[in-house]
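Undergrad: As you go down the protein sequences, you meet chains S and F in turn. Reading the first sequence from the start, the letters are residues 1 to 281 in this note's numbering. Reading the second sequence from the start, the letters are residues 282 to 600 in this note's numbering.
Some clues are possibly wrong.
Stated by the list, open to error - DMTMM-like, lysine to aspartate or glutamate: derived pairs with alpha carbons at most 20 Å apart:
1) S:Lys189 / S:Glu173
2) F:Lys429 / S:Asp41
3) F:Lys429 / S:Asp39
4) S:Lys46 / S:Glu62
5) S:Lys46 / F:Asp396
What the hints assert, rightly or not - Derived DEER-like restraints, expressed as beta-carbon distance ranges:
6) S:Pro197 / F:Leu402: 43 to 53 Å
7) S:Leu184 / F:Val384: 43 to 53 Å
8) S:Arg105 / F:Arg398: 27 to 37 Å
9) S:Ser141 / F:Pro581: 26 to 36 Å
10) S:Leu265 / F:Pro520: 24 to 34 Å
11) S:Phe12 / F:Gly441: 28 to 38 Å
12) F:Ser343 / S:Gln38: 26 to 36 Å
13) S:Asn235 / F:Gly459: 39 to 49 Å
14) S:Glu62 / F:Ile513: 53 to 63 Å
15) F:Val358 / S:Leu265: 43 to 53 Å
16) S:Ala272 / F:Ser343: 42 to 52 Å
By construction, these hints were calculated from the structure, which means they are not laboratory data. For every residue, glycine included, the Cβ atom is placed at its ideal position computed from N, Cα and C.
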Amino acid sequence: MALRTRRIRKLFIYVPVAFFCFFSASPFIVMIINTFKQDADLYRPKNNPFIYNIPPTLEHLELLFLRTNYPLFLKNSLLVGVTVVIITLAISIPAAYSLARLTGRWGERSGILLFLVYLVPPTLLFIPLFRIVARLGLVNSVWSLVVVYPTISIPFSIWLLMGFFKSIPLDLEEAAMVDGYSRLAAFLKVVLPLTGPGIIAVVVVTFTLTLHEFIYALTFISDSTQRTISVGVPNELVLGDVFFWQSLLAAAVIVAVPVSVVYNLFLDRLVAGFTMGAVKG
Amino acid sequence: MQEIAAIAAPIKIRSRRLEDRAGWLGTLFLLPAVVYILALVGVPFVIAIAFSVTDVTVGDTSLDFVGLDNFRRIMNVDTMPQFRRALQNSFLFTLVAQILILVGANILALILSQDFRGKWLARMLIMMPWATPASLGVIGWKWLLDSKFAPIDWVLVQLGLLGPDTLLGPGSHMNFLGREGLAMASVIMVQVWRLMPLAAVILLAGFSSIDQELLDQAEVDGASFWRIHFRIRLPLILPIMSIALLFSLISIFGDIVVVFGLTTGGPVYYTHVLPTWAYVLGIQAGALSQGAATALFLFPVLLAVAILVLRNARRTEVT
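Please model the entire structure based on the sequences and the hints provided.
TA: Here it is in structure tokens:
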């Protein structure tokens, strides 16, 4: 009896799990399969799309890396990502510490306000920002993204780091200050080294945010050589009027899989950041 | 609550010695963030409102006040039926996708809160759509739903559901993205695909914060699984659920990637949503003022969500 209910219970878990996994992974499965498919195989509707009817090939990866701007997209994304991470850290670490420790009740309120900024969708702001970017002379340059992306990453990073600073016991700083450290030195030498995991989470989240962002990159940049992955791949990997499907799908999966693996490692930290507002004010 | 006390108390003790320096340092630390956000979120927001009541275009950047002309023009159904359609779609897509996400995320979170073999792999696969840049994930769907080569069509034909003398009609292609209803359904499905994982993981965090003894006690008392779920679990995680709701709501309502990548608003203009239509008007056609006016229709929903968050925050502050 017990054995039977256990089996039924397992069935209730594995059947829906299999369904959800398949639903989630199916676009990635076709991406990986199609990357290596020959044209003669892919473009015959009668062929089974999930197997190689003709031996696989590497020619589409060659095309992607040697004859398109894809390597440039990767380089641009990396450049934007790294610079935005640095700006975000430089601005949000002190701000989060200030809100968590130095500004008391006023800080709590500002924290909530910053959280609201995170909820303003870029699709509401892209048109006026396009004008601002034009005024700064940054249209068609990756640097326009470097200037604008921190508006997305800073609010969330502050929110995340505030939680970290609050979880560090106050005694540590007080002990340091009793030992003759100034408030600033106590922050730099005692608190900051303990925030390592939080800072790593901010780095990962910020970097992936810059990879995800679409509407600003689409609006500010129309020069193919300045584009980043998220806009460059879907908009530019079409040579002439022809979709090079295998290269296109390969370009997507090459970025998608590593990003999601890394993102997953920080998932719990991220969810803690998301839900903090609900659990405590 | 504990935390608020923990912050407040020590500040009082130290205020004699550090009041000035802490306040000064606090302001100095916070200032760059505040200036940055004001300059690049606050200012553009004001500009968006200013644009919507002027005649600014990409070519003619002088701001001449025209009152509500832009709103009248974009809302004119005879000359521009696209706006009304985009507005309807924005609400429809968000509502339907949101319901599906909540139901799916509940089921997913319940499953993932159990222990089973291969759980980490399942979790990773399920989270992939959310971790992937949406514009890249959509490319996969564009192929899956392609008008000529869709692997889904092939499966349907093999199952005997598509083709001559079958349930889904005589052709051998569904043409998912080329037919009004199917294209709309495709957009909704991709939104669910993309955002359900996040909602599920947030709910999962909620479920695992519930005291297990409470659930065991209810089970001992003879409560059925569903009764426990709807009467105990769900009410307890309501605050966390509202956060999950909020994030997916904002993400769908403000999203441009899925429609842009999947259908570019087509067939005809039937799948346009407010952000894509604002892009077409404001950037592609160069009518910045009309684009800004269109995008501003996102604001009421945003405001409602903001009020929700603030009320939530205040409630937890009081308790």
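Undergrad: Out of the numbered hints, which ones does the structure contradict?
TA: 4, 5, 6, 8, 12 and 13
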